[in-house]
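**Q** Now for the letters of each chain:
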Amino acid sequence: MKILVPFKSVPDPNDATSAGAAVSAPKSVINPFDEIAIEEALRIRERGEATEIAGVTIGAPAVDEQIRAALAMGIDRAIRIDDSRALDPYAVARILRAAVAKETPHVVIMGKQAVDDDSNQVGQMLAGLLSWPQATFVSKIEFLDTKTRARCTRETDAGLEVVEVNLPAIITTDLRLNEPRYVSLPGLIKARRKPIEVLTCDQLGVTVRPLTTVLSVARPAKRAAGTRVESVEELVTKLKQEAKVL
Amino acid sequence: MDFAWSDQQRELLDAVGRFASQQLNYDVIENDRDSVFNHDAWKKCGSFGIQGLPVPTEYGGLGMDPLTTVAALERLGYACKDNGLLFSINAHLWTAVTPLVYNGSEAQKKKYLPGLCNGTLIGGNAMSEPNSGSDAFSLTTTAVKKGSRYILNGSKIFVTNGPVADLLVVFATMDKTRGPEGIAAFLVEKDSPGMNVARKLEKMGVRTSPMAEVFFENCEVPEENLLGKEGGGAFLFTRSMTWERGCILATAVGSMQRLLETCIRYANERKQGGQSIGKFQLVASKIVDMKLRVESSRHMLYHYAWLSSHRKSVYLEAAMTKLHISDCWVKCCEDAIQIHGGYGYMTEYEVERELRDAIASKLYSGTSEIQRNIVASMLGL
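These protein sequence lines map, in sequence, to chains A and B. The letter at position 222 of the first sequence is residue 222 when you use my numbering, and the numbering goes up by one with no holes. Here my numbering = 1-based position in the second sequence + 1000.
If you're looking for bench data, these hints aren't it; they were derived computationally from the structure. All clues stand as given, with none of them false.
Restricting the straight-line Cα-Cα distance to at most 20 Å, the calculated cross-link-like pairs of lysine to any residue (SDA-like) are:
id, chain 1, residue 1, chain 2, residue 2
1, A, LYS190, B, GLY1063
2, B, LYS1271, B, GLY1341
3, B, LYS1203, B, ILE1359
4, B, LYS1044, A, GLY187
5, A, LYS194, B, THR1057
6, A, LYS190, B, ASP1007
7, B, LYS1146, B, GLU1217
8, B, LYS1044, A, PRO186
9, B, LYS1110, B, SER1047
10, B, LYS1043, A, GLU179
11, A, LYS190, A, ARG80
12, B, LYS1111, B, GLY1060
13, A, LYS27, B, GLU1261
14, A, LYS194, B, GLU1011
15, A, LYS190, B, PRO1056
16, B, LYS1109, B, ASP1065
17, B, LYS1362, B, SER1296
18, A, LYS244, A, SER231
19, B, LYS1190, B, SER1155
20, A, LYS27, B, GLN1009
21, A, LYS190, B, GLU1058
22, A, LYS194, B, ASP1007
23, B, LYS1271, B, GLN1281
24, A, LYS27, B, GLN1023
25, A, LYS27, B, TRP1005
Non-contacting residues of chain A with respect to chain B, defined by C-beta distances greater than 12 Å in every case (computed):
id, residue
26, GLU52
27, LEU130
28, SER139
29, THR200
We put the beta carbon where it would ideally sit given N, CA and C, even for glycine.
Looking at chain A on its own, in the form it has when it is part of the complex:
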């Protein structure tokens, strides 16, 4: 069985604690949900149910650092689709469809969303474009019937929902699927010998044009400091007149 794991490079959500003497610019990391997808693919291979794991990402040469991290975790090889434009989910899904056509995996495992834009659309769109079944927000994966089907547990607001999908399928990962391993130094050194294939959209035969444009990005307004009130009466007055919630 062959697994394709698409992953995205995002600004490190834990930058404050990610060490490195005198770090100035925010570091990039693999999107944490995609890291869970990579980990799951590795575990599937380790229990003998997969023979090959390929990773695919879209971006400029700078994302090679995250590609090497994925290779160091243990995926076999990686493809970088060289495109530095700000792409919207539909454009990403169309490029990934071309990558799936080239790689013909038995299953695609990817994060349910990226932590930078929180769109949560690419997995679903990719399944739609390929006319493949999808299991999203998955916290458990089992392969059935000589790997022709997968039984997936989905985390929904109503509770755990168990679905079975025929393969090939798209599976998107939720937080509780696993805890990704850390990149080890031997893994990092081994990763230097693993191949990174660089392709352009042209080479994949896909032309994408973003349908949406980000107009601006701004920090949320700073919260005003709280005040202490002397009495319940004062609180009620303030809630009525200042906050206007009563």
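With the hints as your guide, set chain B onto chain A.
**A** Positioned in the frame of chain A, the structure of chain B alone reads:
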């Protein structure tokens, strides 16, 4: 001179920092209070690759040169707050692993190094005795050859990793009349008949690094566990001590860098008299001193490692590096407490522990006075 790291070195250092900050900093206050060794963190460091940094790849290591190794350890010290764990790793690396790499037979290396690299085995050494500390070669522990075995008798103190070690490098006298040339080193496995790891020692600092007194009573060691040659113990000890002096405080340089950053943050945040305390010159001046100590320590460390990487003599540089960094580390910790005021004295701020941990660095691997003796002798005094 090239002061830049290669892309590959930078990538490795970043990986060390990320690993250590995410995987090693739990229960540090509690473990320090209760003198608990974090065995789980040790295993994680092993599978991550720390214990294999300077070991040739054919024995399960990463084969890193001394400069890359100390830089990786510096980053480890920056990102990991458990100085006891780091001390245990250092003792393991410089007093057990390094002697094996340089003096071990092929069979000994194949047998022990892979486990010592991947975190399954813990090493240490047993040199100091109740009456033999700075006067290192006045050992009273004896070794006598009997058939295909050596029989060890005597007692050792301050054995770092003693309570948890799987393998100890034990030094003993075979021929007292020959002085240092009558000493030999042995690889002694835990639970060897006649070896008794006695009392676990309570300490002021590095409390998460276990230490014990070890007794040998007709302890039998198979002859293939002689490390180096009979009479070669002093040479082996001096060589491994030079490694140890040069490298053991790489983690301390990282710790100082972290303390510096903590103090800068605190000095900017803490307001007294209507301004950040960092605006008071007496506070700022302390932070400048800390910065100078970190930088000078780092330069001495890298210069030592660079010389070592180029196979130059480092006997003098190792002693100076150890002497300078230990001195700087203790002073940085004192300043860090002073800058934090009363809060710095409180356990939860994790500054006072650094001072208790740092003070040991002026004692282990040869006291500061012994380092000064070495430097003086190398200056022809």
